[in-house]
Each structure stands twice: as structure tokens, then as C-alpha cells.
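Engineer: So the protein sequences, as listed, match chains A and B. Just so we're aligned, residue 1 is where the first sequence starts under my numbering, counting upward by one. Just so we're aligned, residue 1 is where the second sequence starts under my numbering, counting upward by one.
I should point out that these hints are in silico values taken from the structure, not numbers from a laboratory. Glycine included, each C-beta is placed from N, C-alpha and C at the ideal position. Hints are supplied without guarantee of correctness; some may be wrong.
[Unchecked claim] Only pairs whose alpha carbons sit at most 30 angstroms apart, straight line, appear in this in silico DSS-like list of lysine-lysine: (1) A:180 with B:211; (2) B:112 with B:52; (3) B:68 with B:112; (4) B:55 with B:68; (5) B:117 with B:204; (6) B:112 with A:75; (7) A:104 with B:55; (8) B:68 with B:204; (9) A:104 with B:112; (10) B:185 with B:117; (11) A:104 with A:25; (12) B:112 with B:185; (13) A:25 with A:75; (14) B:52 with B:30; (15) A:75 with B:68; (16) B:215 with B:55; (17) B:207 with B:30; (18) A:104 with B:211; (19) B:55 with B:112; (20) A:75 with B:126.
[To be verified] Some but not every residue of chain A turned toward chain B, in silico, with C-beta under 7 angstroms: (21) 25; (22) 63; (23) 112.
[Stated by the list, open to error] Pair ranges (Cβ atoms, derived): (24) A:51 with B:24: 32 to 38 angstroms; (25) A:58 with B:180: 48 to 54 angstroms; (26) B:44 with A:47: 35 to 41 angstroms; (27) B:208 with A:138: 54 to 60 angstroms; (28) A:45 with B:211: 40 to 46 angstroms; (29) B:84 with A:188: 27 to 33 angstroms; (30) A:140 with B:47: 56 to 62 angstroms; (31) B:24 with A:38: 23 to 29 angstroms; (32) B:58 with A:188: 34 to 40 angstroms; (33) A:16 with B:210: 44 to 50 angstroms; (34) A:72 with B:90: 55 to 61 angstroms.
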Amino acid sequence: MAVAGVTLATASPSSSRVVDYNLDKAAIESAAQDQGIQGPFSDLPDAAAYPFTLENAAAADHMVKIVSIYCQAYKMDNPISALMQHLLPSTPAGVSGPALRVTKGSTLLRCLGSGEFKNICKNEVKLSAELRFQLADGTPVTRPISVNVEREGRVGGFCGNMARYTAIVSREAGIELLNKASAAYREAHE
Amino acid sequence: MKYLMFVAALFAASTTAQARQRTVIEDLPKEIVDNNHVASVEIVIADTARQKFEKLEAKAAEKRAETKLAAYDPTTASPHPAQEEYATLPFEVMFPLVMQDVTHNWGLTEGKGVPLKLRITVEGIKTANAAMAILISSSSDELAGKVDIFNAAGDQSIGSFYVHVVNSHGGWGGMLMRGSGVREKLAQEFALESARILTGSTKKDWKKRVKAREKAGQTSIASATAN
Chain A
1 MAVAGVTLAT
11 ASPSSSRVVD
21 YNLDKAAIES
31 AAQDQGIQGP
41 FSDLPDAAAY
51 PFTLENAAAA
61 DHMVKIVSIY
71 CQAYKMDNPI
81 SALMQHLLPS
91 TPAGVSGPAL
101 RVTKGSTLLR
111 CLGSGEFKNI
121 CKNEVKLSAE
131 LRFQLADGTP
141 VTRPISVNVE
151 REGRVGGFCG
161 NMARYTAIVS
171 REAGIELLNK
181 ASAAYREAHE
Chain B
1 MKYLMFVAAL
11 FAASTTAQAR
21 QRTVIEDLPK
31 EIVDNNHVAS
41 VEIVIADTAR
51 QKFEKLEAKA
61 AEKRAETKLA
71 AYDPTTASPH
81 PAQEEYATLP
91 FEVMFPLVMQ
101 DVTHNWGLTE
111 GKGVPLKLRI
121 TVEGIKTANA
131 AMAILISSSS
141 DELAGKVDIF
151 NAAGDQSIGS
161 FYVHVVNSHG
171 GWGGMLMRGS
181 GVREKLAQEF
191 ALESARILTG
201 STKKDWKKRV
211 KAREKAGQTS
221 IASATAN
């Protein structure tokens, strides 16, 4: 509970909650223990290690789909662009070079009965992007990159826990997207 | 008379309700909506559904034995068994057949538009508890799962949605009205919700399709009678 997973978006007309990415690794591990969220959890990557810049991250901003019996009325925005900005700050306009162009994102959160009086939640975050770069001979290349991260956990009686849970899973998906794109770039240049 | 009144009271206190919920996770591209057909269906049973699923499979095998059919063998089985046989088939065989039957009924016939591959991950399956329904208030049959849609030709993910079917039954009468073939009914309702997404049907359009289908059915019966 050290870090609140939700902030009220007072400016939003629909008064939906917004997933807050102000989480460090210690806060993630503590929250994960509290909510039984599956690990392991990645360290914050070194932005300088990525050979590309990030574009269009707002394309992945979305509303979380909650399909469990309870908390269905709980509306929650997942601003992936804020997460990606945190992981890999955007390039100033006019800078060219290899780029990871984000195309879409989604979150599916559901809680299911896994036996008599037992409940388990599953939270899945999908992110898609296109990696654009040129080979040494000048040939332009576009590679689709997509990741799908699902972690089991618990929500307990508090709908607010869903936002913290979503922040943790989305962060893993964001880091995996960057790492996968980086690996694809390196592979193309070997 | 007392007995009749007792039975009447039981039925008066019984309820049956259906709730089907579909949630689009990733929209299908507009050019594919209502311009597709289901070429194949892959079923994945999630750990959360495994226990109940195994019980239902055993029940289907029992029904198969009761109807004097040989144990299901995929190498010799017909790819298009009769609908009466569905209740005796393994879920992973029955569900794709139901999905194709229902989508065909709603106009997504073979050869139409883009061929799709559906991957259905069944995450929740539950049958009503008779004691709960009769003694407490109600209990429900449920089927919940995620459907990932792929372009069958290119294996490229093009959309996804989630379906949760809940059929509640209350009281003695509710359980009696529930009848048999629960697994098939759930599969059919799941398929119906999926067809609504694949065809992009609005409530109004859906009613039109139901009327058109009924009319087509009556016309074919009339022409068969005339011949």
C-alpha cells in the first residue's frame, strides 16, 4: 500500500481512474506480495541501451476491459504512453533513425472461480508496434513486434487494487516490447 | 389437490434467466466484419476450467456408451457428425462444430470473405448445483472464455473478444426446465455471441437476421412439402 496504484483523473469527464506508473521495483515487489502477483519483475532498463527511438506511444493508450463479476463498473484508463515515456523518453521532433512505432495496446482483466470458494484473477496486456530501420545497404525494413504478458494475481475486495495490478503487468509488457524490438534490430544487423 | 398446489407453488417460485456478455478487446478490421468465415477453431482449456472440464468429458463419454456408440476415435470419426451426436463428443470436437454451425446460420458460410482461425481459451466452465438452486436461491451454468481471431492464411492476429454466458436456474422448476444438453446449450450461446461480433450485428440488425432466417426456414419447408 506504500504506493497508490490509482489516481483520480479529475479532468476526465467519465470520472474513470487512471493507472499510475509511479512505481519503483521495491514498491512492485511489495504490491506483488500483497496481491499474489506472479513474478519475476524486470529491473528498469537503461534507455541509452536501445538503438531506436519511440514514436506514437499514445496509440496504445486504452481503457482496461474488466470482465469479472465484480468491479465491472470500475472504469480504468491505461495510459501506455506515460509508461513508455518513463521507460524510453521520446525523441524530439525532426530526429531521424531507427524507430519503434507503437500501434496498439489492450488490457484484459478477469477474475474467475478456480474451485469451491476460490478465486483467481488473470491480467493480460498486449502491445503491438512496428520497428523501422535501414540495413547497412540502405534497404528500409519494417518488422512487426508484439508482446503478450499475462500474470495471475488477486484483487481482494478493493477495485483500486486492479489499477496497481495493471500497472505492474503493463510495465512488464512495456519492457518486453523494448527488449524484443532491440533483439530484432540486433539480429538484422548481425 | 394439496399435491397440485405444492407443485404449482414450486413452479411459481422457480426462475430461469440467461445473461450473455461479450466484450470486444481488440476490434476486428472493418473490412473483415461480416466478410469472413470460420475456417478452423482451436480449443485451449485453461487451468481454471480444467477440473470441471474433465468431469464433463467423463459425462459425455458415459452418454456415448449409453447410446451404444463406439468410444470416440479422431482417426475414424466423421468430420461432420449428426447434431444428435454432439452430446456424446469430446468438448474439443463438439465446440468447433457448434461454432461453425452457428456462424453458418448467420451467413458466414464457407468461401465468404476472409478465412479465420479462432483460438478459444476456455477459462471458466461450471454447471448449476441442484441443491443450491432448490434450497438457497439459484445456481447457474456458465461458460467463459477468450477468443483470439487470426487470419487463417497468414496466421496474423487480427482481433480478440471475451464471452461470458450465464444461465441461472432457481428452484425445483428452474432445474426441471433446464433439461439436458447443458454443455451444448452453453457452447451454442457462446457461439451466438461470437457470431454477433464476427457479423458486426447491432441489436436491430440482429432482429432482422432472425426474421430473415425464420422466413427462409418457412420457405424451404413449404417448397419441400409442395414437392
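Engineer: Take the hints in turn and mark each one as holding or not.
Structural biologist: Consistency of the hints with the structure:
no., hint, result
1, A:180 with B:211, "50 angstroms, violated"
2, B:112 with B:52, "36 angstroms, violated"
3, B:68 with B:112, "38 angstroms, violated"
4, B:55 with B:68, "20 angstroms, holds"
5, B:117 with B:204, "28 angstroms, holds"
6, B:112 with A:75, "37 angstroms, violated"
7, A:104 with B:55, "39 angstroms, violated"
8, B:68 with B:204, "45 angstroms, violated"
9, A:104 with B:112, "28 angstroms, holds"
10, B:185 with B:117, "22 angstroms, holds"
11, A:104 with A:25, "26 angstroms, holds"
12, B:112 with B:185, "26 angstroms, holds"
13, A:25 with A:75, "26 angstroms, holds"
14, B:52 with B:30, "37 angstroms, violated"
15, A:75 with B:68, "53 angstroms, violated"
16, B:215 with B:55, "40 angstroms, violated"
17, B:207 with B:30, "21 angstroms, holds"
18, A:104 with B:211, "38 angstroms, violated"
19, B:55 with B:112, "37 angstroms, violated"
20, A:75 with B:126, "27 angstroms, holds"
21, 25, "28 angstroms, violated"
22, 63, "11 angstroms, violated"
23, 112, "5 angstroms, holds"
24, A:51 with B:24: 32 to 38 angstroms, "35 angstroms, holds"
25, A:58 with B:180: 48 to 54 angstroms, "52 angstroms, holds"
26, B:44 with A:47: 35 to 41 angstroms, "37 angstroms, holds"
27, B:208 with A:138: 54 to 60 angstroms, "55 angstroms, holds"
28, A:45 with B:211: 40 to 46 angstroms, "57 angstroms, violated"
29, B:84 with A:188: 27 to 33 angstroms, "56 angstroms, violated"
30, A:140 with B:47: 56 to 62 angstroms, "44 angstroms, violated"
31, B:24 with A:38: 23 to 29 angstroms, "26 angstroms, holds"
32, B:58 with A:188: 34 to 40 angstroms, "51 angstroms, violated"
33, A:16 with B:210: 44 to 50 angstroms, "35 angstroms, violated"
34, A:72 with B:90: 55 to 61 angstroms, "33 angstroms, violated"
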